[in-house]
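**Q** All chains, please: the whole structure from these sequences, using the hints.
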Amino acid sequence: AQSVTQPDIHITVSEGASLELRCNYSYGATPYLFWYVQSPGQGLQLLLKYFSGDTLVQGIKGFEAEFKRSQSSFNLRKPSVHWSDAAEYFCAVGAVDSGAGSYQLTFGKGTKLSVIP
Amino acid sequence: GVTQSPTHLIKTRGQQVTLRCSSQSGHNTVSWYQQALGQGPQFIFQYYREEENGRGNFPPRFSGLQFPNDSSELNVNALELDDSALYLCASSLFRNSPLHFGNGTRLTVT
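Protein chains in written order, with the working numbering: chain A, 1 to 117; chain B, 118 to 227.
Hints were generated in silico from the structure; no laboratory data involved. If you're wondering where the values come from, they're calculated on a predicted model, not measured in any experiment. Every residue, glycine too, gets a C-beta built ideally from N, C-alpha and C. If a hint is listed, it holds; no wrong ones were tucked in.
What follows is a set of in silico ranges between Cβ atoms, one per label pair, in the way DEER data are often shown:
1) B:Leu126 to A:Ala1: 24 to 32 Å
2) B:Pro177 to A:Val96: 19 to 27 Å
3) A:Arg77 to B:Gln132: 39 to 47 Å
4) A:Glu15 to B:Glu167: 43 to 51 Å
**A** Spelled out as structure tokens, the structure:
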């Protein structure tokens, strides 16, 4: 079964500083990987996804992530954080159930990002 | 986008609840996730063309329906205190397309 580990529960950065959120996954095949962001009281918004191809993926709001198969990692980065980026970030691995044809995401427990003005 | 109703709900242990979701137009797949406080979402099940198409580790008292008009329901019978959570609906264009989530229904069981 697949799993996702986000080692950092809470990260605090200053506005304008760079950001890296860590994500490690466990999955037997080539994974589909995602980063979602959740603001308080809101649902999940897709930041970016990796299905195949170029291992450096660009997303919305200036975020990018790099897939490293050898390290089973998919870390999220942003060169300069804005106060509005404060939220909770979830990494997820997508797995297709070949029997049912269904597609389910397994999420990490999330990293809460606080931004100091 | 994906809309869910109601936004908040309080129920008593043992009761039954129905949560509703309206998928993004044209999306034929809907998935439901449970997000307990401080946790990541957990997959409950997925519906494709009105049939259950996969289920996570949830008991049969969690059931669903998907209708032809882009709407769907999550039903939970015999509510337990641990069912208190944010329930998220997500739709996708195809079964392996990225999921688009609604804002969720916050269920509190007392």
